[in-house]
Structures are given as structure tokens and as C-alpha cells.
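S.K.: As given, the protein sequences belong to chains A and B, one line each in that order.
For the first sequence, position 84 matches number 84 in this note's numbering, and the numbering has no gaps at all.
For the second sequence, position 105 matches number 1105 in this note's numbering, and the numbering has no gaps at all.
Simulated from the structure, these hints should not be mistaken for laboratory data.
Keep in mind that this is a model prediction, so the values were computed, not measured.
Glycine is no exception: its CB is placed at the ideal position from the N, C-alpha and C atoms.
Incorrect hints may appear among the rest.
[As the list claims (entries may be wrong)] Here are a few chain B residues that face chain A, going by a calculated C-beta distance under 8 Å: (1) Pro1042; (2) Pro1043; (3) Val1048; (4) Ser1050; (5) Ser1055; (6) Leu1090; (7) Ser1107.
[To be verified] If you anchor each label on the Cβ, the simulated ranges turn out as follows: (8) A:Glu69 <-> B:Ser1059: 30 to 36 Å; (9) B:Thr1016 <-> A:Asn22: 44 to 50 Å; (10) B:Pro1069 <-> A:Ile54: 37 to 43 Å; (11) A:Lys57 <-> B:Glu1058: 31 to 37 Å; (12) A:Leu9 <-> B:Glu1052: 35 to 41 Å; (13) B:Glu1003 <-> A:Glu1: 30 to 36 Å; (14) B:Ser1055 <-> A:Lys68: 38 to 44 Å.
One letter stands for each residue in the lines below.
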Amino acid sequence: EDKVVQSPLSLVVHEGDTVTLNCSYEVTNFRSLLWYKQEKKAPTFLFMLTSSGIEKKSGRLSSILDKKELFSILNITATQTGDSAIYLCAVVSIQGAQKLVFGQGTRLTINP
Amino acid sequence: DTEVTQTPKHLVMGMTNKKSLKCEQHMGHRAMYWYKQKAKKPPELMFVYSYEKLSINESVPSRFSPECPNSSLLNLHLHALQPEDSALYLCASSPFDGRGNSYTFGSGTRLTVV
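Chain B extracted, bound-state conformation (with noise of 0.2 Å):
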């Protein structure tokens, strides 16, 4: 298995909402990752989980929580978000051998908040 999978692939919420978004992966890697994309614009990274542990977090407001509850699946819970937050959320993980390796992506959600 070489793929990261997300789900869902696309979401609309309210402003009030509680959401998830769901990573998984199967490759052993232990390093994952979110990132934020809005039209036009390259990936933001938002948060960094190296062996299960958050060791990144790039100033991200707190109504993004993300959760690494094992080595293969990465969640992103979503709570009172803005209008501004729309964007595709991509998740990415890498095997984290210290060599420069490379980084597999999710085809990510597309978050839609009304």
C-alpha cells in the first residue's frame, strides 16, 4: 500500500459544527502532516506529528485540533470555523529516515464552511 487515503473528499459545514477530518496511511512512515491550500496558492503547512508525538504546530487557531491516535491515522477535528477557512486540507506523511526523503500526499479534503 503506497497511498495515503482522506476522507471525507469533500465537506460543507456550518460555522457551528463539529467536523473531522480523517488521514490514514500503511506504509510505516512516522512522520505525518497537515496542510492547508487555498486556490492559487502552494500548501501551508499547519501541523507536524513525528512518532505519534505533535512536534510542529505553525500558529494555527485553536478551533483546528489535530489528533495522532496511532502511527497510521492522523485526524484533524474542526469546531467553530470561519468562512476564511475554506481551503483543501491535504495530509502527507513521510518515512522520516533523517536522509531527505520523500513525502507522500492525501488527495485531500475540500472544506467548504457556510
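Next up, chain A with everything else stripped away, as it sits in the complex (with noise of 0.2 Å):
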């Protein structure tokens, strides 16, 4: 069965901290790796990762993935309040069709 699994679960940080959200897979056929950000609705993208050890970045967010161990990292630096959301990470795996597996998510809060 597709796992996805995500950690830390929570985690609460003051303004400008830095963070590093983490989540690994055990998926049949993968494709790629998506991370998004969710707040009150549905969730948004941030990036897209099919290569190993290339790193994507937008502004003080980056993700890199690492195909041989199966996991990826989302790094935000400088952090504020506006980026206190749920981030999801989901796997693209093709059985038969393709679908997208979701981690359980983190929760961040970013305090000021």
C-alpha cells in the first residue's frame, strides 16, 4: 500500500526562524513529489520534484528530493506569520491510473 508520511506533525516557531519540514515515501511506480500549502481552503502549490538532488526554490521556500532514500525536505527560511499553514506533502504513483497519495500534513504556526 502507498505510504506517505510527514513530520513533525505540529510545530510552532517564532517569526524569522528558520524550519525544515520533512516527509518520506514508500509508494509503488513514482512519478513525482508535490508539496502544498493549505490555510482555509484548498491547497495550493509550491513545487514539483521528479529529480534527486535538485534543489527548487521560490523565495525563502526550497525542496529537495532524494530518490535512493526515498524522502524529501521543504525549507523555509526568514519565517512569518503569513506562513502559518498545513503543508501537504503528496506523491504521484501510476497503478493503472495515476494518483496522488497525501501525507498527513504539518501544521506550522509561526508566532510573532
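Dock chain one against chain two, each of which comes alone in its own frame, and use the hints as you go.
M.R.: Here it is, written out as C-alpha cells:
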């Protein structure tokens, strides 16, 4: 059975801190790993990772994938209160059809 | 157009009602999905349509009936739901080009069954 595990499940830090969120996976026929940010409604796309060792960056956020060890990390530097959200890791696998399997999410709270 | 549009945004229905959720995209995506998300939980896959054909049904009860009339539209017909079916229902689409591609989510329908 496909499995995506995120850690920590919850994290509280102060504004300006740097955080690292973890995602490990065991899936059949891996295609890609996606990171999403979810506040009140639908998840919003952050990154798609398909190749090992290539860092993706967007402003203060960055992410990297290790396909040998089957994990990914999402880094946020100089955190702001607007970064408070649930961060979801999801993996695209192909089992007859393509499906997206989500981890449990990390609830990140940034205190001023 | 880079959006997935879901209607309605909110729905309250009784256990004997029949209602439908709608999802539309005009990005030329050939895979469309229904997810159910309960509070403080990640989205759970319900159905996958690939090229307008149902390709995955994650053992969803028959009171949920999906329909894909064409490549841009996806419906979820609801009948005789239970209060525990109250959740955020998310639609998503993807290009399905087999190279590991990104998904686009709609803003969801928040369903309350009374």
C-alpha cells in the first residue's frame, strides 16, 4: 500500500526562524513528489520534484528530493506569520491510473 | 484559464436529498479527481477519471456517484448521505502526460449533511 509520512505533525516557531519539514514515502511506480500549502480552503501548489538532488527555490522556500532514500524536505527561511498553514506532501504514483497520495500534513504556526 | 472551478462553494443537504457537485476546467487536462477532506486530515482520494473514463474508485460507497460528461466537466452526484459525509470535497485535474506532472485543485465545496 502506498504510504507518505510527514514529520513533525505540528511545529510552533517564532517569526524569523528557519524551519525544515520532512516527507518520506513508499509508493509503487513513483512519478513525482509535490508540496502544497493549505490554509482555509484548497491546497495551493508550491513545488513539484521529479529528480534527485536538484533544489527547487521560490523566494524563502526551497525543497529537494532524495529518490535513493525516499524522502524530501521543505525549508522555509526567515519565517513570517503568513507562513502559518498546513504543509502537505503528496506523491504521484501510477497504478493503472495516476493517483496523488497525501501525507498527514505538518501544521506550522509562526508566532510574532 | 488556469483554474479549476467548483460549484457550489457551500451546500447543506438533508439525508433524503439528492444533490450534485460540479467541477470544470479548461486547461485541456485529461485526468480529473474527486477528493474528500475531513477537518484536520489530509485529502483522501475518492475517484479518478482518465480520458473521461473512471479508472480508480477507492471503494467509495454507492451513495456517491461520479460522472464525467466530457473532458472539461466532472460531477459528483449525492444521494442518501449520512452526517459523517460532511466534509470539504475537492476536485483536481492534471495533464496526465506521464512525466510526473502537477495537479490543480479547485477551492472545494463545503458539504454539511443534516
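S.K.: Compare the structure with each hint and give your call.
M.R.: Here is how each hint holds up against the structure:
Nearest Cβ of chain A to the Cβ of Pro1042 (chain B): about 4 Å, under the 8 Å cut. The hint holds. Proximity of Pro1043 (chain B) to chain A holds as hinted, the smallest CB-CB distance being about 5 Å (cut-off 8 Å). Because the closest C-beta pair between Val1048 (chain B) and chain A is about 5 Å apart, less than 8 Å, the hint holds. Because the smallest distance between the Cβ of Ser1050 (chain B) and any Cβ of chain A comes to about 5 Å, under 8 Å, the interface hint for this residue holds.
Interface restraint check for Ser1055 (chain B): the shortest CB-CB distance to chain A comes to about 3 Å, inside 8 Å, so the restraint holds. A least Cβ separation of about 6 Å between Leu1090 (chain B) and chain A falls short of the 8 Å threshold, and the interface hint therefore holds. For Ser1107 (chain B), the suggested interface contact is upheld, since its CB lies about 5 Å from the closest CB of chain A, less than 8 Å. In this structure the hint that Glu69 (chain A) and Ser1059 (chain B) lie 30 to 36 Å apart at CB holds, the actual value being about 32 Å.
Between Thr1016 (chain B) and Asn22 (chain A) the CB atoms are about 46 Å apart, so this pair conforms to the stated range of 44 to 50 Å. For the pair Pro1069 (chain B) and Ile54 (chain A), the supplied restraint of 37 to 43 Å holds, since their beta-carbon distance comes to about 40 Å. Roughly 34 Å separates the CB atoms of Lys57 (chain A) and Glu1058 (chain B), a value that falls within the hinted 31 to 37 Å. In this structure the hint that Leu9 (chain A) and Glu1052 (chain B) lie 35 to 41 Å apart at CB holds, the actual value being about 38 Å.
In this structure the hint that Glu1003 (chain B) and Glu1 (chain A) lie 30 to 36 Å apart at CB holds, the actual value being about 33 Å. For Ser1055 (chain B) and Lys68 (chain A), the Cβ-Cβ distance of about 30 Å falls outside the hinted range of 38 to 44 Å, so the restraint is violated.
Figure legend: structure checked against the earlier numbered hints; the only hint not met is number 14.
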